[in-house]
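Novice: Chain residues, written in single-letter form:
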Amino acid sequence: MATSYQGNDFFDSSAEFTDNIEKRESLGKVFEIIFLLGLLIGLFILALLVFDICQDGLVRFVTPGFLTETPSRFPDEGGIRPAIVGSILLAIIVMLVAVPIGIGAALYLEEYAPKAWWTAIIEINISNLAGVPSIVYGLLGLGVFNYLLGFGPALISGALTLSLLSLPVIIVTSREAIRAVPDSLRHASYGLGVTKWQTIYHHVIPYAIPGILTGVIISVSRAVGDAACLIVVGAVSFLTFDPGLFQRFMALPIQIFSYLSRPEPGFANSSAATIIVMLLLILVLNGIAIYVRQRFSITR
Amino acid sequence: MSAINHQNGFQEDSRRSLEKNPSEDITEKIIATILFCCGLVSVLTTFGIVVIIFQVTFEFFQEVPLADFFLDTKWTPLFAERHFGIWPLIAGTFLTTLTAMAVAIPLGLSSAIYLSEYAQPKVAAILRPAVELLAGIPTVVYGYFALLFVTPFLRNFLPLEIFNAMSAGLMMGVMITPTVGSISLDAIQAVPNSLREGAYALGITKLESIFKVLLPAALSGITASIILGISRAVGETMTVVIAAGQQPKLTVNLMESVETMTAYMAQISGGDSPRGSLNFKTLYAVGAVLFLLTLALNIVSYWISHRFKEKYD
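Chains A and B are the protein sequences, given in the same order. Under my numbering, residues 1 to 300 are what the first sequence spells out, in order. Under my numbering, residues 1001 to 1313 are what the second sequence spells out, in order.
In case anyone wonders, no lab produced these hints; they're calculated from the structure. For clarity, every value in this text was computed on a predicted model and none was experimentally measured. Take the hints with a grain of salt, since some may be wrong.
[Said to hold, decoys possible] Away from chain A, derived, C-beta distances all over 10 Å, residues of chain B:
| hint | residue |
| --- | --- |
| 1 | V1041 |
| 2 | T1046 |
| 3 | Y1142 |
| 4 | P1159 |
| 5 | D1186 |
| 6 | R1307 |
[Claimed, not checked] Capping the alpha-carbon separation at 35 Å, the derived lysine-lysine pairs in DSBU-like fashion look like this:
| hint | chain 1 | residue 1 | chain 2 | residue 2 |
| --- | --- | --- | --- | --- |
| 7 | A | K29 | B | K1206 |
| 8 | B | K1249 | A | K29 |
| 9 | A | K29 | B | K1122 |
| 10 | A | K196 | B | K1029 |
| 11 | B | K1074 | B | K1206 |
| 12 | B | K1212 | A | K23 |
| 13 | B | K1122 | B | K1206 |
| 14 | A | K196 | A | K115 |
| 15 | B | K1122 | A | K23 |
| 16 | A | K23 | B | K1206 |
| 17 | A | K115 | B | K1029 |
| 18 | B | K1212 | B | K1122 |
Heads up, the beta-carbon is just placed ideally off N, CA and C, and yes, glycines get one too.
The shape of chain A in the complex, shown without the other chains (with noise of 0.2 Å):
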């Protein structure tokens, strides 16, 4: 189109054409620090909760006992040992149940399901698992531990419930992980007449072990700082003595809304120390199982 009689316009559009180029690479300049602004707000927030709390929280840990007494109906005594130990048997519950159930369910989803309709609906099912509110998996498990299994709002059924809520996670993760696996290690290992399950137990788990652990920390440590299936379960917010398998049972974030709902200022405090022995616990979990993670992992 730009033939010779249009030279002036098209020196014009041209013209035009640089003028505008600098407004819109400026204009993208500023966007770029607006993206920039909108990613470091989250980190912004993150950072100031934790001093927050820091703040609040580290002066409950001056007091005697706060982590080996038990709850005090007054503001600067008693402490969380109910809550922790509870918070520990949760964990430790949660992984011997979900984790292995989790994988397995991983295992044949990957290695051993073949393609039919009811494999996709397993598939669907377990997606939709994952996106199932957590209060949601409260009702299961009164009705399923506490109701039908006669469990009652013992420490086993809230224990068994977050495990539920647990296992989506662990599967979808652990799924991702043994997909990895390249298929040359499989057929290697048949190719010197191995079983499946030989081949599965000394080459697959082994080399998806690092991913698969990945998924168990995440889920794991939402176990953990969940309160809200507890809630429905029948987790209580006050307990003199540390909780066992078939007792009533308090737990770490339970402890946490039970002193914030309570109207003296003291407890905000004891909240929030309760909150960086909760985010303690998080991070010493996610510590040993990235440990652990090294442990096993294979050099590629």
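Chain A is already provided as a structure; the job is to place chain B on it using the hints.
Specialist: What follows is chain B alone, placed relative to chain A:
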């Protein structure tokens, strides 16, 4: 180790493994069955949820007519004069969810765009997990922060009630940011480079390529992430129980105290409603609405991300 011995051992071994070993066959079958049962647990879980919730919900509706549940505008099951209109709880849920998404969508999308298009790979490798930490913080902690930091701070400028939808919603938004961000990031990164380069070849700037090429191309994934975020917000409990209060109201005022479906469920569970009482059954009726709502959102999200996925090459 002598070579001869070694070879003998090898021959023996290989002969043994070539023979069909019936016990090995049985072990294999047992293991396959055990693994299948593990897979079955998830199906049983869904089955359990559906049966238990809807069984009690059915009992609830034998006592409370459907019309009362869906047409009444008051929710006062614990008062002397009982009303069972679900709408105030839905309104509360809607209000906190809307606030949360007003935070999570811009923050999540800008994180995703920055990490994908601007950040150096090394920087992104640090920043992405850092942002995802937000999702790993237990939700009681967000409740704590909303009630004891955000609300007092905002009260310097706004006449907020102590318990209000705004603080709870804002913190829920921060919590959901990584959900929106991660899935959007994957969607944006899945857009092939040829599309970016094609756009640059037409003389477009980076920003224009983001808004006119990348975001439209990644739209299905972004939409799916947003719907998933909404579903998270609808089902979130502890933040709203702690910071939004327990007053079921039909309101759009963010500064007031509201009650969400999840907050009601936590409230009724914490109290002493004996099994089989009508109060106890409201827990399940509300749970059923919550379950169906989040299920629908999850299915839509799943469907969008699979059905409308852009296929390149």
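Novice: Against each hint, give a clear statement of whether it holds in the structure.
Specialist: Each hint, compared with the structure:
| no. | hint | result |
| --- | --- | --- |
| 1 | V1041 | 6 Å, violated |
| 2 | T1046 | 5 Å, violated |
| 3 | Y1142 | 8 Å, violated |
| 4 | P1159 | 21 Å, holds |
| 5 | D1186 | 12 Å, holds |
| 6 | R1307 | 13 Å, holds |
| 7 | K29(A) with K1206(B) | 9 Å, holds |
| 8 | K1249(B) with K29(A) | 45 Å, violated |
| 9 | K29(A) with K1122(B) | 21 Å, holds |
| 10 | K196(A) with K1029(B) | 10 Å, holds |
| 11 | K1074(B) with K1206(B) | 52 Å, violated |
| 12 | K1212(B) with K23(A) | 17 Å, holds |
| 13 | K1122(B) with K1206(B) | 20 Å, holds |
| 14 | K196(A) with K115(A) | 18 Å, holds |
| 15 | K1122(B) with K23(A) | 30 Å, holds |
| 16 | K23(A) with K1206(B) | 13 Å, holds |
| 17 | K115(A) with K1029(B) | 19 Å, holds |
| 18 | K1212(B) with K1122(B) | 27 Å, holds |
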